[in-house]
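Sequence positions in the sequence shown follow the numbering used here and run 18 to 606.
In short, the hints are calculated from the structure, not lab data. Cβ atoms here follow ideal geometry from the backbone N, Cα and C, with glycine treated the same way. Be aware that a few hints might be false.
[Stated by the list, open to error] Quick list of simulated restraints, FRET-style, between CB atoms: (1) Val-87 x Arg-185: 14 to 24 Å; (2) Glu-230 x Val-87: 18 to 28 Å; (3) Pro-600 x Arg-530: 18 to 28 Å; (4) Glu-434 x Glu-123: 21 to 31 Å; (5) Arg-499 x Ala-54: 47 to 57 Å; (6) Ser-265 x Glu-434: 35 to 45 Å; (7) Asn-435 x Glu-42: 42 to 52 Å; (8) Glu-387 x Arg-56: 45 to 55 Å; (9) Asp-454 x Ala-376: 27 to 37 Å; (10) Thr-465 x Arg-499: 18 to 28 Å; (11) Glu-434 x Phe-132: 33 to 43 Å; (12) Val-87 x Arg-293: 56 to 66 Å.
[Stated by the list, open to error] Pairs of lysine to any residue, SDA-like flavour, derived with a Cα cap of 25 Å: (13) Lys-496 x Asp-321; (14) Lys-496 x Ala-519; (15) Lys-344 x Ser-303; (16) Lys-364 x Glu-423; (17) Lys-278 x Asp-171; (18) Lys-262 x Leu-59; (19) Lys-262 x Trp-308; (20) Lys-65 x Glu-95; (21) Lys-156 x Glu-95.
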Amino acid sequence: MSLETQRRLAAIVAADVVAYSRLMEADEAGTLATMRAHRRDLWAPLVKKFGGRIVGGAGDSILIEYSSAVAAVESSIEVQMGMAERNAGLPDGQKMLLRVGINIGEVIVADDDIFGDGVNIAARLQALADPGGIALSDKVRNEICGRMLVRLQDCGEQYVKNISEPLRVWRWVQGQGDAGGMPVEMSKADASDSFPSILVLPFENMSGDPEQEFFTDGITEDLLTELARFHGLTVISRTTSFALKGSSLSVPELARKAGAKYVVEGSVRKAGNRLRITVQLIDAASDNHIWAEKYDRNIEDIFDIQDEVTQTIASVVPGRLEAAVRKSAARKPPGNMAAFEAVITGKVLHHRSNPEDNARAQVLLDKAIELDPGYAHAHAWRGCVLGQAWANGYVEDRDALIPLIEAELHKALALDENDSDVHRILAAVSLLYGEFDKAAFHQERAVTLNPNDDLIVVQQGEILTWLGQPEEGAEWIRKAMRLNPFHPERFWAHLGRAHFCAGKYAEGLEAYRHVGTPNHLTLAWKAACAQQAGDADTARQSLRDAQAQLTGLSLADLRGATHFRNAEGWDRFAAALKAAGLPAGAEAG
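Can you build the whole structure from these sequences, using the hints too?
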């Protein structure tokens, strides 16, 4: 028969049994029978389920080809979990453990077998895996990033036999000593391990209708995907979540099994044409509820309901988690904070918008970067805090801050170009510099990466307002408010500004009445809205309150805090404040 060859790109899985020779020496017939049973009952069905093809392997090894890296990794994790379940209760000397290596590369296909460097590298990776674990090439890790919810341990570059260049290796490690062999996922052993780890348990179908099972599983799947967009969370993988479905263990026990600090659980109940979805966020250590909510909807388009509820939950949960971590961090001295805690505490100080808290935020962000130099989020927020100091004149030499700000933001982008918050901050700082096209580019990228982050969504509204599209901006701001019912009151200030710029002055004044602790900028905008709405008394009082906060406040002080792309916007704002009695100041233009 002639040898027909072709080339194609493939995800290659190479697996091998640990200490196979020892097992055969101890019980040749039993080991062979066990091996055949594993192949027949576990490996083959999972390979078929994930669209793979067994292309080789004899005795203690197996070689599998997949068209998708995600399928290769998910299948391999399920194989390792299945093997752990089969090994449960056996003496160590009788357990059959696998090492698995996964690579992506071009392969040569000849008579249904595959050859080439892609296969050789998969085999070398297999040798680097822990017993019961999986080693992945950097190509595989990059391919599944953003598509699969799994944490990996970065093992750095490794030199292997007959491969000239070092391999960047990542490991997925099976949980050690867990009853039932459930996986405990491992992360890079650095300061970023303090990210809140969250387990989303499959939502429970309370309807008694088996056909509703697809909807409840769909809620869980979508929520896992949307939460994974938040780089400040460690989301336990889908494989682990669904492996725990129907478990009788308590929430704290499930969290310990999965290596999670927090748990989301929920249920779906259908009655007639009504659907009730409940959700709870739980601190696993204390078994206390951090947040709970229920959503009642008429069943019209069930998939629209699924999208709406998933987006709302995905927006609220990170904020509630961050608040819980922040509350715990508030009891720690700054020197004892881990990187994540230092960043979120720095965020709070930044939002207070005063020189003292800005300086304290800088100290905390310096601490975060010291703990984890590769933490993109920390570099981005340091750039943001320095940008606030530059914009508000908190330092004497503002020009000296510009290269520092740019260095931090470039570093953040180089470290993680897919962190939505990095792009959000880049957009905000670009706006401060008057680089409107650059701001719009990074803002669009942020929205694409995470359309459920209320801070990104509200900033979309802010930027559209400054760019001259205030009515569209107001819609985005209202969307952010719907996404996060716990939104900060400054969202109302953004909405008030959008209404003013759209010429809806009464609506703007009403929005500003929701701001309980306005700063001098907010009071100035409130005064402008009131003046244009015909409420001169409120306009004058708002200006007096603003001037009490910043003695000698004038239009000159406000010019640098506005970012209108078109001069017409500033002219209208300035005219309203002049009419209300605000002096121009020495440098108003």
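Consistency of the hints with the structure:
no., hint, result
1, Val-87 x Arg-185: 14 to 24 Å, "holds, 19 Å"
2, Glu-230 x Val-87: 18 to 28 Å, "holds, 23 Å"
3, Pro-600 x Arg-530: 18 to 28 Å, "holds, 26 Å"
4, Glu-434 x Glu-123: 21 to 31 Å, "holds, 26 Å"
5, Arg-499 x Ala-54: 47 to 57 Å, "holds, 54 Å"
6, Ser-265 x Glu-434: 35 to 45 Å, "holds, 44 Å"
7, Asn-435 x Glu-42: 42 to 52 Å, "holds, 49 Å"
8, Glu-387 x Arg-56: 45 to 55 Å, "holds, 51 Å"
9, Asp-454 x Ala-376: 27 to 37 Å, "holds, 32 Å"
10, Thr-465 x Arg-499: 18 to 28 Å, "holds, 20 Å"
11, Glu-434 x Phe-132: 33 to 43 Å, "holds, 35 Å"
12, Val-87 x Arg-293: 56 to 66 Å, "violated, 33 Å"
13, Lys-496 x Asp-321, "holds, 16 Å"
14, Lys-496 x Ala-519, "holds, 17 Å"
15, Lys-344 x Ser-303, "holds, 14 Å"
16, Lys-364 x Glu-423, "holds, 19 Å"
17, Lys-278 x Asp-171, "holds, 21 Å"
18, Lys-262 x Leu-59, "holds, 20 Å"
19, Lys-262 x Trp-308, "holds, 22 Å"
20, Lys-65 x Glu-95, "holds, 13 Å"
21, Lys-156 x Glu-95, "holds, 21 Å"
Violated hints amount to a single one, hint 12; each of the other numbered hints is respected by the structure.
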